[in-house]
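A.B. asks: If you want the building blocks of each chain, they are given just below.
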Amino acid sequence: MNFEEKLKSRKFVITAEVSPPRGVDVSSFIEKTLLLKGRVDAVNVTDFQNVGVRITSLVGSYLLLREEIEPIFQITARDRNRVAISGELLSASVLGIRNVLVLTGDYTTTGISKTAKPVFDLDATNILVIAKELEKGKDFAGKKLNKAPDFFLGAVFNPNLKPLELEILKLKKKTMVGAEFFQTQLFFDLSLMERVREKLGEEVKIIAGVTIFKSLEMLEYMLENVPGIEIPEKVMHLFRNTKDIKTLSINFSAELCQRIKESKLCNGVHFLASRPLDIVKVLDLLKW
Amino acid sequence: MRLEFKNIEEIKEFIKGNKIFVFSCDECGFKKVEEKNKKILDHIKDYELIGIYTLYKEECNVGNFVKILKNLEEVNKAETILTFTCGGLPQIIPNYIKKFVIPATNTLKIEAGRELGSFARLCSACGECWIHYTGNLCMEKLCPKKMRNGPCGGSEKGMCEVYKRLCPWVILFRNKRISEEEFLKIVPPKDFSKILLQE
Chain X
487 MNFEEKLKSR
497 KFVITAEVSP
507 PRGVDVSSFI
517 EKTLLLKGRV
527 DAVNVTDFQN
537 VGVRITSLVG
547 SYLLLREEIE
557 PIFQITARDR
567 NRVAISGELL
577 SASVLGIRNV
587 LVLTGDYTTT
597 GISKTAKPVF
607 DLDATNILVI
617 AKELEKGKDF
627 AGKKLNKAPD
637 FFLGAVFNPN
647 LKPLELEILK
657 LKKKTMVGAE
667 FFQTQLFFDL
677 SLMERVREKL
687 GEEVKIIAGV
697 TIFKSLEMLE
707 YMLENVPGIE
717 IPEKVMHLFR
727 NTKDIKTLSI
737 NFSAELCQRI
747 KESKLCNGVH
757 FLASRPLDIV
767 KVLDLLKW
Chain W
2 MRLEFKNIEE
12 IKEFIKGNKI
22 FVFSCDECGF
32 KKVEEKNKKI
42 LDHIKDYELI
52 GIYTLYKEEC
62 NVGNFVKILK
72 NLEEVNKAET
82 ILTFTCGGLP
92 QIIPNYIKKF
102 VIPATNTLKI
112 EAGRELGSFA
122 RLCSACGECW
132 IHYTGNLCME
142 KLCPKKMRNG
152 PCGGSEKGMC
162 EVYKRLCPWV
172 ILFRNKRISE
182 EEFLKIVPPK
192 DFSKILLQE
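Protein chains in written order, with this note's numbering: chain X, 487 to 774; chain W, 2 to 200.
Keep in mind the hints are simulated off the structure, nothing from the lab.
This one's a predicted model, so the numbers in the text were calculated from it and none came from an experiment.
Any given hint could be a false lead.
Under the rule of at most 25 angstroms between Cα atoms (straight-line distance), these lysine-lysine pairs were calculated in the DSS-like manner [to be verified]:
#1 Lys-158(W) <-> Lys-685(X)
#2 Lys-142(W) <-> Lys-191(W)
#3 Lys-165(W) <-> Lys-648(X)
#4 Lys-142(W) <-> Lys-648(X)
#5 Lys-165(W) <-> Lys-685(X)
#6 Lys-46(W) <-> Lys-658(X)
#7 Lys-177(W) <-> Lys-658(X)
#8 Lys-629(X) <-> Lys-191(W)
#9 Lys-603(X) <-> Lys-191(W)
#10 Lys-40(W) <-> Lys-624(X)
#11 Lys-46(W) <-> Lys-603(X)
#12 Lys-648(X) <-> Lys-33(W)
#13 Lys-658(X) <-> Lys-191(W)
#14 Lys-622(X) <-> Lys-191(W)
#15 Lys-603(X) <-> Lys-165(W)
#16 Lys-600(X) <-> Lys-142(W)
#17 Lys-195(W) <-> Lys-603(X)
#18 Lys-158(W) <-> Lys-600(X)
#19 Lys-700(X) <-> Lys-629(X)
#20 Lys-747(X) <-> Lys-720(X)
#21 Lys-13(W) <-> Lys-622(X)
#22 Lys-603(X) <-> Lys-142(W)
#23 Lys-720(X) <-> Lys-142(W)
#24 Lys-648(X) <-> Lys-158(W)
#25 Lys-46(W) <-> Lys-13(W)
#26 Lys-147(W) <-> Lys-658(X)
#27 Lys-165(W) <-> Lys-624(X)
#28 Lys-658(X) <-> Lys-750(X)
#29 Lys-195(W) <-> Lys-629(X)
#30 Lys-600(X) <-> Lys-110(W)
#31 Lys-618(X) <-> Lys-191(W)
#32 Lys-110(W) <-> Lys-147(W)
#33 Lys-147(W) <-> Lys-603(X)
#34 Lys-624(X) <-> Lys-191(W)
#35 Lys-600(X) <-> Lys-147(W)
#36 Lys-186(W) <-> Lys-648(X)
#37 Lys-195(W) <-> Lys-33(W)
#38 Lys-648(X) <-> Lys-147(W)
#39 Lys-158(W) <-> Lys-618(X)
#40 Lys-691(X) <-> Lys-46(W)
Okay, chain X solo, but in the shape it has when bound (with noise of 0.2 angstroms):
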């Protein structure tokens, strides 16, 4: 049963974000992707992650493809106007990847090429439209296909952004032009969710961001760095004072997973910048 197919028949899927190397050398970057093979539902790649230089994200999607890995492909509006998304959605199609997650993107300045311009021809909202408009057989110009490719949509959900409501209207109306999944920011509190299921009902697809955190300083970066991540102060207490970081972050990831899952206010987990490896030990710790 592929992502898709296990979303629909409301079974709990598990999906993990890896980054594509930078630079030419892409031995490491499937190495490392292979041991998700089989424990995850599907891999997302993320796209120029953190306005950084990569190989993108369609490119990484494929590798993995052929790795027998199933590919979530990660497209953002920050670096390509509206003709380059379609030729980029089309391509992908093209190499048979079909799970989509379209994203507005962070800016520029608050990431690593501060000195780029940032393109935002299009919203996220916009490019599901233009998807959408490509699965019926024409581009944004009307211009007519040969051939109407045909993807599985998704959207991102930040459920740290206040108002709570006004992101569930942004939730609500990305679902109206298309997008079928949602895959969440990094959030600890679980009564944000029941907010939602109270507004969206039951049918809505979410799967709810968890990460496994390397070290202090990558979690001091996060929530520094990262727009839209918030860390309540109990978990920063937790690990500000451990001595074996390491543990406790498997420990607190595995119990998270658990907590998400027997809530049943999600329909999956997708881990956020976490390592395979450590992916893997809490999988296993959960007998997942």
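Put chain W on the given structure of chain X with help from the hints.
C.D. replies: Just chain W, lined up with the frame of chain X:
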């Protein structure tokens, strides 16, 4: 200053009722107003015109505008206000009159360096004014990503991820400047050809 009238079909769904009040202007002194206003009357002939006021460059600032409004009683009888000005005025009016204010023009170009009316500073001259979708807040001006369909999700405690100020979408939502139904309207991608073709 270069403006074009929007096709009335484009804004029809935003116009509430049939009674219209129009604000026109002299486009910072670049336009003959008699000629322009004649075109306006023809453009909105399907509606009942309650009144029209033409704002000249010298009057184009908050102090004068407030005085003008005091003597402009007929504006209260209108159901919708249409502005045939740059995008500055329709951002200002809602602060003083609780009516639907819709920009009926697209501002194609504002030439920097010329002497301009004060409200022109608020207009991005983006070529396709869409502030009627966003409670008359100009996302072209206020949002670094120029988000068209809601916030980007990068804000923290309501603060923009780029600038140290509130996310304009949060302001819009908290102040209830648009309804949920209005928020859910899809704003399509922008037509950039309008500004790209301006010399």
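A.B. asks: Each hint: holds or not?
C.D. replies: To see whether the hints hold, each was checked on the structure:
Restraint check for Lys-158(W) and Lys-685(X): the C-alpha separation of about 21 angstroms stays at or below 25 angstroms, so the hint holds. A hinted pair counts as satisfied when its Cα atoms are at most 25 angstroms apart, and Lys-142(W) with Lys-191(W) qualifies at roughly 15 angstroms. In summary, the hint linking Lys-165(W) to Lys-648(X) is supported, as the alpha carbons are separated by about 16 angstroms, within the 25 angstroms threshold. Simply put, Lys-142(W) and Lys-648(X) have alpha-carbon atoms about 22 angstroms apart, close enough for the 25 angstroms limit, and the pair holds.
Distance restraint check for Lys-165(W) and Lys-685(X): the Cα-Cα separation of roughly 31 angstroms exceeds the 25 angstroms cut-off, and the hinted pair is therefore not satisfied. Between Lys-46(W) and Lys-658(X) the alpha-carbon distance is near 38 angstroms, which puts this suggested pair outside the 25 angstroms criterion. Between Lys-177(W) and Lys-658(X), the direct Cα distance comes to roughly 18 angstroms. Compliance with the 25 angstroms bound is thereby established for this hinted pair. Simply put, Lys-629(X) and Lys-191(W) have alpha-carbon atoms about 18 angstroms apart, close enough for the 25 angstroms limit, and the pair holds.
For the suggested pair Lys-603(X) and Lys-191(W), the alpha carbons sit about 18 angstroms apart, so the restraint of at most 25 angstroms is met. This hinted pair does not check out: Lys-40(W) and Lys-624(X) have alpha carbons roughly 38 angstroms apart, beyond 25 angstroms. Among the hinted pairs, Lys-46(W) with Lys-603(X) is inconsistent with the structure: their alpha-carbon atoms are about 44 angstroms apart, more than 25 angstroms. At most 25 angstroms may separate the alpha-carbon atoms for a hinted pair to count; Lys-648(X) and Lys-33(W) exceed this at roughly 48 angstroms.
For the given pair, Lys-658(X) sits about 22 angstroms from Lys-191(W) by alpha-carbon distance, which is consistent with the 25 angstroms threshold. Between the alpha carbons of Lys-622(X) and Lys-191(W) the distance comes to roughly 21 angstroms, so the proposed pair stays at or under 25 angstroms and holds. Restraint check for Lys-603(X) and Lys-165(W): satisfied, since their Cα atoms lie roughly 20 angstroms apart, inside the 25 angstroms limit. Among the hinted pairs, Lys-600(X) with Lys-142(W) is consistent with the structure: their alpha-carbon atoms are about 21 angstroms apart, no more than 25 angstroms.
Between Lys-195(W) and Lys-603(X) the CA atoms are separated by roughly 21 angstroms; this keeps the pair inside 25 angstroms, and the hint holds. For the hint linking Lys-158(W) to Lys-600(X), the alpha-carbon distance of about 24 angstroms falls within 25 angstroms, and the restraint holds. Proposed proximity of Lys-700(X) and Lys-629(X) is contradicted: the alpha carbons are some 48 angstroms apart, above 25 angstroms. Of the pairs offered as hints, the one joining Lys-747(X) and Lys-720(X) holds, with about 22 angstroms between alpha carbons and a cut-off of 25 angstroms not exceeded.
About 28 angstroms separates the Cα atoms of Lys-13(W) and Lys-622(X), which puts this hinted pair outside 25 angstroms; it is violated. A distance of roughly 17 angstroms separates the Cα atoms of Lys-603(X) and Lys-142(W); the hinted pair therefore holds under the 25 angstroms criterion. Simply put, Lys-720(X) and Lys-142(W) have alpha-carbon atoms about 38 angstroms apart, too far for the 25 angstroms limit, and the pair is violated. With a C-alpha separation of about 6 angstroms, the suggested pairing of Lys-648(X) with Lys-158(W) holds against the 25 angstroms cut-off.
Restraint check for Lys-46(W) and Lys-13(W): the C-alpha separation of about 13 angstroms stays at or below 25 angstroms, so the hint holds. Taking the CA atoms of Lys-147(W) and Lys-658(X), the gap is about 20 angstroms. The hint holds against a cut of 25 angstroms. Between Lys-165(W) and Lys-624(X), the direct Cα distance comes to roughly 41 angstroms. Violation of the 25 angstroms bound is thereby established for this hinted pair. Under the criterion of a C-alpha separation no larger than 25 angstroms, the hint pairing Lys-658(X) with Lys-750(X) is consistent with the structure, at around 20 angstroms.
Proximity of Lys-195(W) to Lys-629(X) is assessed by CA-CA distance (about 20 angstroms); at most 25 angstroms being required, the pair is judged to hold. The straight-line distance between the Cα atoms of Lys-600(X) and Lys-110(W) is roughly 29 angstroms, outside the 25 angstroms bound, and the hint therefore fails. Of the supplied pair hints, the one linking Lys-618(X) and Lys-191(W) holds, its CA atoms being roughly 17 angstroms apart against a limit of 25 angstroms. For the hint linking Lys-110(W) to Lys-147(W), the alpha-carbon distance of about 18 angstroms falls within 25 angstroms, and the restraint holds.
Proximity of Lys-147(W) to Lys-603(X) is assessed by CA-CA distance (about 14 angstroms); at most 25 angstroms being required, the pair is judged to hold. A threshold of 25 angstroms between alpha carbons decides the hint, and for Lys-624(X) with Lys-191(W) the separation of about 18 angstroms falls inside it, so the pair holds. The straight-line distance between the Cα atoms of Lys-600(X) and Lys-147(W) is roughly 18 angstroms, inside the 25 angstroms bound, and the hint therefore holds. Simply put, Lys-186(W) and Lys-648(X) have alpha-carbon atoms about 21 angstroms apart, close enough for the 25 angstroms limit, and the pair holds.
Between Lys-195(W) and Lys-33(W), the direct Cα distance comes to roughly 23 angstroms. Compliance with the 25 angstroms bound is thereby established for this hinted pair. Among the hinted pairs, Lys-648(X) with Lys-147(W) is consistent with the structure: their alpha-carbon atoms are about 19 angstroms apart, no more than 25 angstroms. At most 25 angstroms may separate the alpha-carbon atoms for a hinted pair to count; Lys-158(W) and Lys-618(X) exceed this at roughly 33 angstroms. The hinted pair formed by Lys-691(X) and Lys-46(W) fails the criterion: a straight-line CA distance of about 49 angstroms is larger than 25 angstroms.
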